[in-house]
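Enquirer: As they're listed, the protein sequences go chains Z and H.
Add 1 to the 1-based position in the first sequence for this note's numbering, that's all there is to it.
Add 714 to the 1-based position in the second sequence for this note's numbering, that's all there is to it.
Calculated directly from the structure, the hints in this document are not laboratory data.
In silico DMTMM-like pairs for lysine to aspartate or glutamate, Cα to Cα no more than 25 Å straight-line: (1) H:K1344 x Z:E271; (2) H:K1344 x Z:D290; (3) H:K1219 x H:E1251; (4) H:K1339 x Z:D384; (5) H:K1349 x Z:D384; (6) Z:K272 x H:E1343.
Using C-beta positions, here's what the derived DEER-type ranges look like: (7) H:Q1282 x Z:Q278: 46 to 54 Å; (8) Z:R437 x H:E1297: 32 to 40 Å; (9) Z:K272 x H:Q1282: 40 to 48 Å; (10) H:L1369 x Z:S485: 31 to 39 Å; (11) Z:Q450 x H:K1344: 27 to 35 Å; (12) Z:S485 x H:K1294: 26 to 34 Å; (13) H:E1082 x Z:M279: 41 to 49 Å; (14) Z:S485 x H:E1082: 19 to 27 Å.
Selected chain H positions facing chain Z (Cβ under 7 Å, derived; list incomplete): (15) M1300; (16) R1323; (17) K1324; (18) N1325; (19) L1327; (20) D1334; (21) L1342; (22) K1349; (23) S1357.
Here the structure is a predicted model, which is why all the values come from computation and not from measurement.
Every residue gets a Cβ at the ideal spot worked out from N, C-alpha and C, and that includes glycine.
The residues making up each chain are set out below.
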Amino acid sequence: MLRLAFPLVSHLPPRKPPPICSRPQPARRYAPSSTAAAAYTSSSSSTPPSPSLSPLPPASAYVHLPFCRKRCHYCDFPIVALGSAAASPRGKGEGEGEGADDPRIVDYVRLLLREVAATRPVSDDGVPLETVFFGGGTPSLVPPRLVAAVLDALRGRFGLSACPEVSIEMDPGTFDAARLAELVGAGVNRVSLGVQAFQEGLLRACGRAHGVEEVHEALGILASCEGLQNWSLDLISSLPNQTQEMWEESLRCAVDARPTHVSVYDLQIEKGTKFGQMYTPGVFPLPSDTESASFYKIASKRLSEAGYNHYEISSYCKPGYECKHNLTYWQNRPFYAFGLGSASYINGVRYSRPRRMKEYAEWVQHLEDGTWIHECRSPDMKDLAMDVVMLSLRTAWGLDLQSFSKSFGRSLTLSLCNIFKPFVESGLVIAMDSKRRALPHTAFELDLQNEGDFGSRVAFIRLSDPEGFLLSNELISLAFGTISP
Amino acid sequence: MAGAAALRRSARRISRHLAAASSFSRSALQQPERLLSSQASPEHGARGAVSGSELALYPPERVRNFSIIAHVDHGKSTLADRLLELTGTIQKGHGQPQYLDKLQVERERGITVKAQTATMFYRHTTASQDSDAPRYLLNLIDTPGHVDFSYEVSSLPGCLLVVDAAQGVQAQTIANFYLAFESNLSIIPVINKIDQPTADPDNVKEQLKRLFDIDPSEALLTSAKTGKGLEQVLPAVIDRIPSPPGKCDSPVRMLLLDSYYDEYKGVICHVAVVDGALRKGDKIASAATGRAYEVLDVGIMHPELTPTGVLYTGQVGYVISGMRSTKEARIGDTLHQAKSTVEPLPGFKPAKHMVFSGLYPADGSDFEALSHAIEKLTCNDASVSVTKETSNALGMGFRCGFLGLLHMDVFHQRLEQEYGAQVISTIPTVPYIFEYGDGSKIQVENPAALASNPGKRVAACWEPTVIATIIIPSEYVGPVIMLCSERRGEQLEYTFIDAQRALLKYRLPLKEIIVDFYNELKGITSGYATFDYEDSEYQQSDLVKLDILLNGQPVDAMATIVHNQKAQRVGKELVEKLKKFIERQMFEITIQAAIGSKIIARETLSAMRKNVLAKCYGGDITRKKKLLEKQKEGKKRMKRVGSVDIPQEAFHELLKVSNSK
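Make the full structure from the sequences, and use the hints.
Expert: Following this line, the structure appears as structure tokens:
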């Protein structure tokens, strides 16, 4: 059967309880969480593909908190730069005065709460939220009580599961132990810390609002926070003037900090950013393609050696600590989104909110008036197939051929495999059996020749780490050409 | 015989555009003023209408037919404009300059691609001052000048040979002159642009005397720009060019000068009536095809289609007769009274295709669009041969035969400009002849069609040659001789046409000049060289087929035939060029040039290092997806051989690889 949420879940890593349930479980308003779990794992059903299947309700919510002290030179996200006045929010959480909150933040959170209130839950029988992600921007600039207010609103509107994953992005220099404790007290149980680099010069060159000292301070605060066991350290590779020694150093420092998760983003030069004006990809002072490919490989090697699984192109984690919220994206499951410029995926429709504050405020008004309604549409099969391929090939689990075949047909699955054939042979693509053991390319080819019986051995294909991941755009766009010639 | 061929070419040059006829329409009848100007004949009535009875006032002795021939940019178009203005045929300052150059390609390049005619009425006042001065009907016939637009208009009795007063005689001038001379045309030399500060008309007169034995006193000195000396031109035409020689009482017989396809009117033929008279309603037949037609409309170009209902002996105009395609209207054909047998007029020459190239849609899915564009364009240029072909790299396309390099260029340009077609063309080639040990012979118009390993001995190969005329300032003689010998040229003549300039004649393989010769010649002579050529005979040559292989797979559209001694160099250059234009892919690519099974050049392109989007977009996958879709579209535009994607630019760039360097 065709599901809006493409059922990849059956071959996810075994679902474990989150390592820590940070706070007493909030009362669930709706059905027990087993319903949601059942919905997720329904892929084992053998119903034939049918595009008319009713969509799964979202169990994830993204909340955009766009405030930053200043814009980093590589950033093209919708953000609101608060200026240096916001440079030292530490201590505010200690109750120095609620009145000191920046009115821009307060006004925005009000708008957010209105959006939450105006958003109808997709299902009436209530699937509670399993994950919430506060992204930015620099969400740690928002006073914890306002974060808590948003979380409360979400709980009130959609319900929260027994052990939800609640993540927040934080930047060094924007919080102290008390502020973190306050966030954890509000229900946050996962932090994603934007370190980016461990070199003062590099941080300055990217226009980051913090230095190495603040990084170490922030790492100390995280390590000593008792209520927080699950956190991610984010790094950027291929920065201008970054050397291999610097990169090795950053990786070493990251491993030493013992996070449960590491994200490694390869710097993308975007049009309209300061870097976009200053640099050309692959040209000094940016590393050459060869160098930045080597940075990627080094990260994969060092982090694997330190016990991290490379489970997605830019994500590494200790076993069991995958970011569940991001898995929602990669498994093509629906999710709510709230806030400036954020993108939701509800009822088969992806919708990006306005990126300008004024337009976003107007849009919220329309949502309240009922003059803007989230539409509901059965998705285009080709689009859906492309999403599934694009998202699942980003992960180490790869593409489940059997499910894909069920949803999109055998012949498309065969064409996909055929186009990947030379790359299975060259090692960029790995074919695996149902027990996720890698198959030699000859076995893959044999299986392919055996059209009628295809799939007797091959059950998954994935991109290899690091070579296949490094060429993922090429490989995925090749697949796109097959799906939508 | 070189001269004769040259003449042919110049004759081609004679006229400029008929092509434009299809765009005439409205404006034709909207210039009443032009008939009121001094030289216009008021009795032709208002609003441009000209009646048949008026044409009857112009028996052959009151008719003059002439063309203007010139090296490019020597002022032919401007002179034509001035003559049309002088006779009130067009109004000064109205309409576009280069009135007869109606196609964009003609205006841009300053060449004539389609023949065009214009009828002017002129009172010969210098002969008689009073109002009884005799009136003449003058037909300016603009025909393509270049060898490519192979054409013979022996029925034209005379021409104006225009030479730039500063630049003097140039390569085309020479070709033009000999063509006209061998056809026994009356030649009126016109030294134009005498207003320029660097004008040296005396030197030009010297050149004309030395090269062509033209009496300096015959030359007219003009400036089409300022109008100086123009008043002598038409009287000279009347006095020095004989009237058309036809027989008025014979059944009608006429020469087909060119034809155009008009969406509303169908095929419009431009004709010169040689004998008899042609009337609306007459039944006429083609000597070439034997098909018969009824004359639906007949008239003169004054300067646009002006119906008269009749054309008399010696007159020039247009005929619409219900032809469906210009393929029925062959240039140089004789049209005559149906049911009578007539001697065809000399002039018809079947098109000889000397340059071939494959044309493919840039986007493989646009085959139908390209097919449609080519079909439409060949409606107006029946001299192109078109056959379908298929390439492993480029998909479905067409092998087109052209009369020459310029013809091919112009065809490409028109496809793009007039029909918006995006085209990939393969390296142009010439018709080679290969003879095998078993006595079999084949003509090769597509190198890909020649077996790389035929399994039998090649006994001999032949290639077409040309006789090239090059005129250059004498300090450039050294480099030009070097260039010609690199191109396997054989020197036939080396003379000085004045104190500063030399004339070189070479026999060159046609293949050697179809790619990049003229550009290089211009480059090494700071732009001073002028160049023209005429077809000559085939010569025996040591030729081999050069294959290009990507990861061992031959790319048929890149195969080429080269001289054995050059194979190594050309192969190396092609391979290096390809390495530059093929992008890195997910695997290593070997690029090879081979003769048969022998590899003569090789390059390796290493695999791509990285192409990954490792950035988090907060769940907003639409952007990421758009990027990947764009990448997919990019791949789609590529041409694929085996597993290797070849960007279109690679094909374009290969065209620029010269034969010699």
